[in-house]
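Modelling step: build the complete structure from the supplied sequences, incorporating the hints.
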Amino acid sequence: ETGVTQTPRHLVMGMTNKKSLKCEQHLGHNAMYWYKQSAKKPLELMFVYSLEERVENNSVPSRFSPECPNSSHLFLHLHTLQPEDSALYLCASSPRGQGGYTFGSGTRLTVV
Amino acid sequence: AQSVTQLGSHVSVSEGALVLLRCNYSSSVPPYLFWYVQYPNQGLQLLLKYTTGATLVKGINGFEAEFKKSETSFHLTKPSAHMSDAAEYFCAVNDGNQGGKLIFGQGTELSVKP
Numbered sequence: 414e415t416g417v418t419q420t421p422r423h424l425v426m427g428m429t430n431k432k433s434l435k436c437e438q439h440l441g442h443n444a445m446y447w448y449k450q451s452a453k454k455p456l457e458l459m460f461v462y463s464l465e466e467r468v469e470n471n472s473v474p475s476r477f478s479p480e481c482p483n484s485s486h487l488f489l490h491l492h493t494l495q496p497e498d499s500a501l502y503l504c505a506s507s508p509r510g511q512g513g514y515t516f517g518s519g520t521r522l523t524v525v
Numbered sequence: 083a084q085s086v087t088q089l090g091s092h093v094s095v096s097e098g099a100l101v102l103l104r105c106n107y108s109s110s111v112p113p114y115l116f117w118y119v120q121y122p123n124q125g126l127q128l129l130l131k132y133t134t135g136a137t138l139v140k141g142i143n144g145f146e147a148e149f150k151k152s153e154t155s156f157h158l159t160k161p162s163a164h165m166s167d168a169a170e171y172f173c174a175v176n177d178g179n180q181g182g183k184l185i186f187g188q189g190t191e192l193s194v195k196p
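Chains as they are written, first to last, in the working numbering: chain A, 414 to 525; chain B, 83 to 196.
Hints are computed from structural coordinates only; laboratory data are not their basis. The C-beta atom is built at its ideal place from N, Cα and C for all residues, glycine as well. Keep in mind that the hints are not guaranteed to be accurate.
A few chain A residues that face chain B, going by a derived Cβ cut-off under 10 Å, partial list only [to be verified]:
1. Gln419
2. Ser507
3. Pro508
4. Val524
Encoded structure:
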């Protein structure tokens, strides 16, 4: 356990479904991130939240909707996804300053 | 702007051989540098980091890295590879702002042959 918990670990969903990914940290970090990792591709930064405010949105399709209700929790709401959205979705958190990230174990998403 | 280049998307070594994974960075401010390891279907785990001070940094699992400012490099080494070292390795640099955002390299997949 790294201190960043992601649920569920695995998710299979149809293209018409709505689901949510959850990330939780109790490390006292003030920034949280969503990354997408597809096979044979680099890490793609999706969203950055700092002190619960979204500070970065890297041209992510609107079918992905993040939510950060407080500094410990981060969600990624999914709806009408496409098969190419199948990937490992990683959450990370970091403290103020340059301490580096702590990652969760990821959610393996399969869209059918 | 900050950037990271990892030379070689795939490196293969024999068990017991030296592991060398290359990382070069570009930074407009004194860099903070990181190496992460990722095992299949897992998140990334911090191996080691350089912030300030000693340029040779020791990490977990016998890995170490040396910050060389003149070469803008932060290569990762391990004297003797073990089968369990097979994984994806990512080098990262801080983004130069006061926040904690990191810029990641493309990753290097390490294979270890028996």
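Okay, the hints, checked on the actual structure:
A distance limit of 10 Å between C-beta atoms decides the matter here; for A/Gln419 the minimum to chain B is near 8 Å, and the interface restraint holds. Given the 10 Å rule on beta carbons, the hint for A/Ser507 holds: about 3 Å separates it from the nearest Cβ of chain B. For A/Pro508, the shortest C-beta to C-beta distance to chain B is roughly 6 Å, which falls under 10 Å, so the interface hint holds. With its C-beta approaching chain B no nearer than about 17 Å, A/Val524 sits outside the 10 Å limit, and its interface hint is violated.
Checked against the numbered hints given earlier, the structure breaks only hint 4 and satisfies all the rest.
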